[in-house]
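**Q** Keeping their order, the protein sequence lines are chains W and G.
Sequential numbering of the first sequence, starting at 1, is according to the working numbering.
Sequential numbering of the second sequence, starting at 1, is according to the working numbering.
All the given hints hold, so there is nothing to weed out.
Listed next, with one range per pair, are the computed distances between beta-carbon atoms:
id: 1; chain 1: W; residue 1: Arg69; chain 2: G; residue 2: Glu372; range: 45 to 55 Å
id: 2; chain 1: W; residue 1: Ser29; chain 2: G; residue 2: Asp201; range: 46 to 56 Å
id: 3; chain 1: G; residue 1: Glu221; chain 2: W; residue 2: Leu35; range: 39 to 49 Å
These aren't lab readings, by the way, just hints derived from the structure by calculation.
Just so it is clear, CB atoms sit at the ideal spot from N, CA and C, and this is done for glycine as well.
Now for the letters of each chain:
2 protein chains.
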Amino acid sequence: MSPRRRRKSQSAAPSEEEVLRILEKWGQSLTEQILKNRYPTLEIPVRTLSNTIWDKKRKILVLGPKKARRSFFDVGEAKRFMQTVLMLSIIVRARREGDYPTIRDLYYTGKHTIYYVDEMGRRRSEETWNDQRESNAVIQDIEVATGLLREHMGIMHDAKGKIVGNVIIRSKGYDIDLSRLGSGAYAVPPNVDKLEIRRVDADYVLVVEKDAIFERLNEEEFWRKHNCVLITGKGQPDRSTRRITRRLWEEFGLPVYVLTDADSYGFYIYSVYRSGSISLSYESERLATPEARFLGVTVTDITEYKIPRNYIIKATDRDIKRAQELLRYPWFKESKAWIEQLKLFIKKKEKVEIEALSGHGFKFLTQTYIPEKIKQRKWIV
Amino acid sequence: MSPRRRRKSQSAAPSEEEVLRILEKWGQSLTEQILKNRYPTLEIPVRTLSNTIWDKKRKILVLGPKKARRSFFDVGEAKRFMQTVLMLSIIVRARREGDYPTIRDLYYTGKHTIYYVDEMGRRRSEETWNDQRESNAVIQDIEVATGLLREHMGIMHDAKGKIVGNVIIRSKGYDIDLSRLGSGAYAVPPNVDKLEIRRVDADYVLVVEKDAIFERLNEEEFWRKHNCVLITGKGQPDRSTRRITRRLWEEFGLPVYVLTDADSYGFYIYSVYRSGSISLSYESERLATPEARFLGVTVTDITEYKIPRNYIIKATDRDIKRAQELLRYPWFKESKAWIEQLKLFIKKKEKVEIEALSGHGFKFLTQTYIPEKIKQRKWIV
Chain W
1 MSPRRRRKSQ SAAPSEEEVL RILEKWGQSL TEQILKNRYP TLEIPVRTLS NTIWDKKRKI
61 LVLGPKKARR SFFDVGEAKR FMQTVLMLSI IVRARREGDY PTIRDLYYTG KHTIYYVDEM
121 GRRRSEETWN DQRESNAVIQ DIEVATGLLR EHMGIMHDAK GKIVGNVIIR SKGYDIDLSR
181 LGSGAYAVPP NVDKLEIRRV DADYVLVVEK DAIFERLNEE EFWRKHNCVL ITGKGQPDRS
241 TRRITRRLWE EFGLPVYVLT DADSYGFYIY SVYRSGSISL SYESERLATP EARFLGVTVT
301 DITEYKIPRN YIIKATDRDI KRAQELLRYP WFKESKAWIE QLKLFIKKKE KVEIEALSGH
361 GFKFLTQTYI PEKIKQRKWI V
Chain G
1 MSPRRRRKSQ SAAPSEEEVL RILEKWGQSL TEQILKNRYP TLEIPVRTLS NTIWDKKRKI
61 LVLGPKKARR SFFDVGEAKR FMQTVLMLSI IVRARREGDY PTIRDLYYTG KHTIYYVDEM
121 GRRRSEETWN DQRESNAVIQ DIEVATGLLR EHMGIMHDAK GKIVGNVIIR SKGYDIDLSR
181 LGSGAYAVPP NVDKLEIRRV DADYVLVVEK DAIFERLNEE EFWRKHNCVL ITGKGQPDRS
241 TRRITRRLWE EFGLPVYVLT DADSYGFYIY SVYRSGSISL SYESERLATP EARFLGVTVT
301 DITEYKIPRN YIIKATDRDI KRAQELLRYP WFKESKAWIE QLKLFIKKKE KVEIEALSGH
361 GFKFLTQTYI PEKIKQRKWI V
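Go ahead and model the full structure; you've got the sequences and the hints to work with.
**A** Okay, structure coming up:
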């Protein structure tokens, strides 16, 4: 098979210069307001659930049109205004000096005590922020206000993803061939948009929930035999794993299949890959893969693939409650196949792990289950 | 600098054929006993705390000489005997057929219901094992009885480690240059002993506790500028991260420096790299790096590096209790430097994260703290 042609990404990353320019411009808008004798005010899209919208056509969660005006001279907003400008100044400085701070570094760098005299003449003090939730929240504000991902701003964080397959990636001047890593894998870096995906020669992407399954499929070179790209996000995927999955779909047109346990947790992991997470809805355009397909394990697989009764785990009340929540999410609610699966899960109260398929022999997963499901189009969406 | 000369490892891995031969031989010893009309009995080193010994000279935890005899005709041991033989047979089959099951796969494959008639003539049934703790325990028994690591037996599990640096690794016929991975890293596979470390051109190994710090040092190419190998085990390290660290020290004589937060949890992480963990003491010979050095963050760094007061976190009762436990471990108890650090920690009840050093600017950690500590030999052991 010849390599996949690359399409231009709709969500391409800005250059380093552009990032700095966007951040500086936002800061300059404040000084301009001040010079014009206006009250300095920031306009920031609202990230609450009420402003999170299910875009039916694009099949992703997006932020709605609501914007909040954060004004320095409003007593209720002055602190958050200060925090936003403080964080912006730290990020701009890091970009100018070529530093790559972690979100925790940013928290510490900005943390200090402000001493002031209040309206009654009392000496008082206040911390710029007390915990990382506060500093992370303003990073997110800067993301939605500028349209930049924090990764674009050179902000580092944990990165869980691994990838192998017939893919050539270019990074920092090196061509990295993801089919020549032996028993190991390529650990996906935080900023996936700095990678250039140069060449992909594969039929599909297989995303597996569990790292141990990834290791096994990699050791057996499943991806080579079945000409696919193998990815894991180790449970609930982080942003960079979702971003590289999205890019393989968007830029190279690869179908994406997700393999998880048959339980509410696994189903939700699939939905995060596909539609985005509520807390990061503003990132869905770049992180979600709205055509991702759920390969399994489905609730109906339990009977279809004759999973031995003593491999079945009783679902807890929490599992069932979570499944009922999933049924209310539009991207599940609008799918006949998912309604059937989730209702059956709630009714039967039975869950099953991927590894339960080993009951039919260690080769069953790789030689029968995955290839059969793909060939016979037995995925669900 | 010229590349490091490789020394022969004292704990070299056996070949695939050898692994199968050792496992089969252990099984055959049972049939031989039966053919000689003896009661089939397995001899297995005891893995309890009471049989865990601190080897002062080698500076690692090791298993003592105590062995348990597990006999099929002893009612109290028959089940564990059955479980051991069952697991052995599954592992042997996987090795013969070239499969790489995960520990969870092994659990499911062995799990089934045994029906029998008891001494009162009642029909009864029992599960081979009820949870993975039981199946994992017999895998460990097989490890200590055969002297093989589960990785040698082709058993897969999660692998957390990442590595970059001037290192060339050979795996499955490919030479992988760990200095040409761009913003990404090499995800360490479960079975590190299948990797051949062909060439190392570095002055030391820097192990960082936190993945986000690893990402930052990698993005800034700290390892290239300071000619070191950079490793993270993402918190409490797993077996493969410890194994690759050990091999770089053992085979290439590289000094190993560990960088963690200044708290009981970080100190314990260092001690796991250096001396081994109590629950895996039988693996220390292969996993521990008994000359690993603790680079920081130390309790005395708080004053020495003038950490701002509002960056200091109050230690919890649990932190203090843990520190008191650490003081009782021989490898801490025998170190004057560690007694000082731990006592000061317990007295001051103050902990500090690596990221708190960012208070002196983002470049402080990489341009001052780490190089200065190494150059001035300010590590502790």
